[in-house]
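Enquirer: Here is what each chain is made of, one letter per residue.
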Amino acid sequence: MMKFALFLGCNIPVRVQQYELSARAVLDNLGVEVVDNSEFKCCGYPIRNTDHKTFVLMAARNLALAEQQGLDMMVLCMCCFGSLKKAADLMKHNPDLQEEVNAILAREDLKYTGTVAIKHFLSVLYHDIGINAIKEKVAKPFKGLKIATHYGCHALRPSDVTEFDNPVAPVLFDALVSVTGAQSIDWPLKLECCGAPILGVNDRLSLDLTEKKLADGRAAGADYLCVSCPYCQMQFDRAQQMMKSPNSCLSSIVFSQLLGLAFGIQDNALGMNMNMFDINSIKSFLE
Amino acid sequence: MFYNVVLYVALAVFGIGLLYKISGWFRLSIGIDAQNMTMPTRIRAVVKGMLAVIFSRKLLTLIRVFFMDVLLQIQILKKDKLRWFMHMLIYAGFMFLLFTHALDKIITTSLFDKYYLKLNPFLLFAGFMVLSGIAIAIYRRFILKVPRLKTNAMDLYVIIMLAIIILSGFALELTKLASYNQYQTIWYVHVLTCLLGLAYLPFSKMFHMFTTPASLLANAVMDKNSCPANIMTRQLMELDSCTHCGTCSLHCSVAVAFDSLGNENILPSERMVFLKDYIIRKDISARGLAAIQQGIYLCTNCDRCTVECPAGINLRDLWFNVREEVIQRGHAVSLMLTPFSYYRGLNLSEVDPEQYDHPLNKAQKALTGHFELPDKTEAVIPLTPANREFKESAGLSLSASTYAFCFTCENCSTVCPVAGNYENPQEHLDLLPHQIIRSLGFGLKDLAMGSRMLWYCLTCYQCQEHCPQGIKVTDIFYELKNLAVKEASLSSE
Numbered sequence: 001m002m003k004f005a006l007f008l009g010c011n012i013p014v015r016v017q018q019y020e021l022s023a024r025a026v027l028d029n030l031g032v033e034v035v036d037n038s039e040f041k042c043c044g045y046p047i048r049n050t051d052h053k054t055f056v057l058m059a060a061r062n063l064a065l066a067e068q069q070g071l072d073m074m075v076l077c078m079c080c081f082g083s084l085k086k087a088a089d090l091m092k093h094n095p096d097l098q099e100e101v102n103a104i105l106a107r108e109d110l111k112y113t114g115t116v117a118i119k120h121f122l123s124v125l126y127h128d129i130g131i132n133a134i135k136e137k138v139a140k141p142f143k144g145l146k147i148a149t150h151y152g153c154h155a156l157r158p159s160d161v162t163e164f165d166n167p168v169a170p171v172l173f174d175a176l177v178s179v180t181g182a183q184s185i186d187w188p189l190k191l192e193c194c195g196a197p198i199l200g201v202n203d204r205l206s207l208d209l210t211e212k213k214l215a216d217g218r219a220a221g222a223d224y225l226c227v228s229c230p231y232c233q234m235q236f237d238r239a240q241q242m243m244k245s246p247n248s249c250l251s252s253i254v255f256s257q258l259l260g261l262a263f264g265i266q267d268n269a270l271g272m273n274m275n276m277f278d279i280n281s282i283k284s285f286l287e
Numbered sequence: 288m289f290y291n292v293v294l295y296v297a298l299a300v301f302g303i304g305l306l307y308k309i310s311g312w313f314r315l316s317i318g319i320d321a322q323n324m325t326m327p328t329r330i331r332a333v334v335k336g337m338l339a340v341i342f343s344r345k346l347l348t349l350i351r352v353f354f355m356d357v358l359l360q361i362q363i364l365k366k367d368k369l370r371w372f373m374h375m376l377i378y379a380g381f382m383f384l385l386f387t388h389a390l391d392k393i394i395t396t397s398l399f400d401k402y403y404l405k406l407n408p409f410l411l412f413a414g415f416m417v418l419s420g421i422a423i424a425i426y427r428r429f430i431l432k433v434p435r436l437k438t439n440a441m442d443l444y445v446i447i448m449l450a451i452i453i454l455s456g457f458a459l460e461l462t463k464l465a466s467y468n469q470y471q472t473i474w475y476v477h478v479l480t481c482l483l484g485l486a487y488l489p490f491s492k493m494f495h496m497f498t499t500p501a502s503l504l505a506n507a508v509m510d511k512n513s514c515p516a517n518i519m520t521r522q523l524m525e526l527d528s529c530t531h532c533g534t535c536s537l538h539c540s541v542a543v544a545f546d547s548l549g550n551e552n553i554l555p556s557e558r559m560v561f562l563k564d565y566i567i568r569k570d571i572s573a574r575g576l577a578a579i580q581q582g583i584y585l586c587t588n589c590d591r592c593t594v595e596c597p598a599g600i601n602l603r604d605l606w607f608n609v610r611e612e613v614i615q616r617g618h619a620v621s622l623m624l625t626p627f628s629y630y631r632g633l634n635l636s637e638v639d640p641e642q643y644d645h646p647l648n649k650a651q652k653a654l655t656g657h658f659e660l661p662d663k664t665e666a667v668i669p670l671t672p673a674n675r676e677f678k679e680s681a682g683l684s685l686s687a688s689t690y691a692f693c694f695t696c697e698n699c700s701t702v703c704p705v706a707g708n709y710e711n712p713q714e715h716l717d718l719l720p721h722q723i724i725r726s727l728g729f730g731l732k733d734l735a736m737g738s739r740m741l742w743y744c745l746t747c748y749q750c751q752e753h754c755p756q757g758i759k760v761t762d763i764f765y766e767l768k769n770l771a772v773k774e775a776s777l778s779s780e
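Protein chains in written order, with my numbering: chain A, 1 to 287; chain B, 288 to 780.
Hints were generated in silico from the structure; no laboratory data involved. For clarity, every value in this text was computed on a predicted model and none was experimentally measured. Glycine included, every Cβ here is placed at the ideal spot set by N, Cα and C. Among the hints, a few may not be true.
Not everything, but these chain B residues come out facing chain A in the computed CB check (under 8 angstroms) [unchecked claim]: (1) Phe494; (2) Gly617; (3) Ser621.
Straight-line distance between alpha carbons at most 20 angstroms, and here's what the computed SDA-like set of lysine to any residue pairs gives [said to hold, decoys possible]: (4) Lys563(B) with Glu637(B); (5) Lys135(A) with Gly31(A); (6) Lys92(A) with Ala578(B); (7) Lys212(A) with Gly707(B); (8) Lys437(B) with Lys135(A); (9) Lys212(A) with Pro704(B).
Across the chosen pairs, the derived CB separations fall in these ranges [unchecked claim]: (10) Tyr378(B) with Glu39(A): 25 to 31 angstroms; (11) Met276(A) with Leu306(B): 24 to 30 angstroms; (12) Phe386(B) with Ala103(A): 33 to 39 angstroms; (13) Ser310(B) with Met276(A): 38 to 44 angstroms; (14) Glu39(A) with Ile361(B): 32 to 38 angstroms; (15) Thr701(B) with Val35(A): 43 to 49 angstroms.
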């Protein structure tokens, strides 16, 4: 039985709970065991702009905790994932940095050695569980549902560090969406940023970028956006509601919710009513 | 006679202290909300709010919370059994001693004849309970190495005071039959410590025996839509409910940052200590202000402190409120130009629109304002490296030195979604990504570090992924931002 240390990050447990609920439900269905660690804390992502060393320290502490558990890490948030991967890569190429960080971690009897594998939720589904195994669990496939998959920058790039998928022509997320019976459509801005990283810094720019993506998705004929990162979800869900003229309204569903529906999991266990936009009409596409 | 005088003085100080502290909840102000409410308005609001709760179904909630959370402290039991045990030993033991022994003339003698003989074993047992509780407290604070748990003078005061009271009580029992002189000396120690503790109680963290229940009850029936005056009053009371137990810091998502930055204000428990002082004396030093600004902004708003606080303090709303107040003041807060601002952006509607942009602009100006070149379009740039020292060291890492491979194909700027968002990008961003990389090549520090492009970078890594020369564009931007923050903080000191 597959077993991972589950890394939720800061946003999911308080602002995107539907992701946690549905991911747990889906993983349980697939027979993957996840172990919680209440000591997991911020991945360091938000402080990277201003303090490199603190960023690496914060990431390394989580990695060291997973090593202590003797488990590989499954990360739900793409920004956390990118951040943890980057920190691991930095330390791999800079032993001095690793030593410096370990000197601080030693105060808590922790040590990062670099043995832990860091995987994003989607990678676990695609590589570790596999499309065929997932297909077997699909009880109620979607029919005629057009999904615009939003890959998410921090999992996809820098590809030499994140090792997530082909950065220019990725297939992983599309394949996973297709398993549910939905059609993953082509849309020009598929691989672009959701705008979240600078919300609160330059709101105008952030929301402009979000609106562009939404308009692009709609123009391509998408019924729903599909994401697998809490920041992207907050941006397409909460921030979209903040927009003055939502003329390009396009609701977003978290991938684990989509997959859960296709598995025939109950609404409550998928947090279907926790999205800001009402996404229940997606069920009309179920066979 | 002496005893009576000291007793009444202690009681008087206690009473005045109580009034003084409680009046503070209505006198002082905190944060941006309800700044202009007068004291009578706020007192009226509290009375009105309390009456509304008492004559509603919420009364049942209050009764439940009173039994479960105030008396039995189920929340603490669920989270940490040792701490619950410690607190129960002290709290139950001390309450028993207070009512049956300290207040014996009022309570016990009216119930039992010759109570002392009958109750003596129970009193001794209660004493042992408190003593064991104190022993656990000492073990927790000094022997068990809880990371980042701070012990301050107030924590020490409470432990020492309680220990003296109980130990001197035992000593009295032992010397009662042996030596009258010793007995008398110890009696003074015992009684004076008790009365000192009583007189000082409203000013010490022992005040929490009144305020923590009040906080737990208030938070059980209040929410975001409660009257703003009552929210402010509650937030001021919550500062008095904090026992500095350190639970918030233990669970804080970013507490680890304290280990490398050394700013105690990053730890929520220490921020509470700061705030207790800050509400009384708002004119803090520039250094103190910068520290609290960093501490309170370095927060992912993960809510763990609020969920875990055994005193039921709504820390989330307190931080948001105070954060807005301190970032409007004095120094620029460089952390504002990071994803730490996401929560503020989401909660835009809670901030006065006139105040929303001000601290952001200030931060941006502090980080890009002292680099002059981007603003001087007419300045002639020398072709030879202007600043060889910067070009050669610059504090850049090995992978950042890849900038030297740039042949100005402009791929980075072409794929950049930020640059692509504007008709005339330079007007909004100063420089485009490839220009920043070229500026590094020329050793033009001002240009490389001074453009708004750096701070509006999404870190989406399109540029880096698409560079045919393998230049680590986004990573270089990160490093330049780090350097700019370092320079800005040096120049502000």
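Enquirer: Take the hints in turn and mark each one as holding or not.
Expert: Here is how each hint holds up against the structure:
Nearest Cβ of chain A to the Cβ of Phe494(B): about 31 angstroms, over the 8 angstroms cut. The hint is violated. A cut of 8 angstroms between beta carbons decides the hint on Gly617(B): the least distance to chain A is about 18 angstroms, and the hint is violated. Checking Ser621(B) against chain A: minimum C-beta separation of about 6 angstroms stays under 8 angstroms; hint holds. With a C-alpha separation of about 24 angstroms, the suggested pairing of Lys563(B) with Glu637(B) is violated against the 20 angstroms cut-off.
With a C-alpha separation of about 14 angstroms, the suggested pairing of Lys135(A) with Gly31(A) holds against the 20 angstroms cut-off. The hinted pair formed by Lys92(A) and Ala578(B) fails the criterion: a straight-line CA distance of about 33 angstroms is larger than 20 angstroms. Straight-line distance between C-alpha atoms of Lys212(A) and Gly707(B) comes to about 11 angstroms, which keeps the hinted pair within the 20 angstroms bound. Under the criterion of a C-alpha separation no larger than 20 angstroms, the hint pairing Lys437(B) with Lys135(A) is inconsistent with the structure, at around 53 angstroms.
For the hint pairing Lys212(A) with Pro704(B), the CA-to-CA distance comes to about 10 angstroms; that is within 20 angstroms, so the pair holds. For the pair Tyr378(B) and Glu39(A), the beta carbons lie near 29 angstroms from each other, so the given range of 25 to 31 angstroms is met. Our hint of 24 to 30 angstroms for Met276(A) and Leu306(B) is violated, since their Cβ atoms are close to 47 angstroms apart. For the pair Phe386(B) and Ala103(A), the supplied restraint of 33 to 39 angstroms is violated, since their beta-carbon distance comes to about 53 angstroms.
In this structure the hint that Ser310(B) and Met276(A) lie 38 to 44 angstroms apart at CB holds, the actual value being about 43 angstroms. For the pair Glu39(A) and Ile361(B), the supplied restraint of 32 to 38 angstroms is violated, since their beta-carbon distance comes to about 24 angstroms. The hinted range of 43 to 49 angstroms is satisfied by Thr701(B) and Val35(A), whose Cβ atoms lie roughly 45 angstroms apart.
The structure shown violates the earlier hints numbered 1, 2, 4, 6, 8, 11, 12 and 14.
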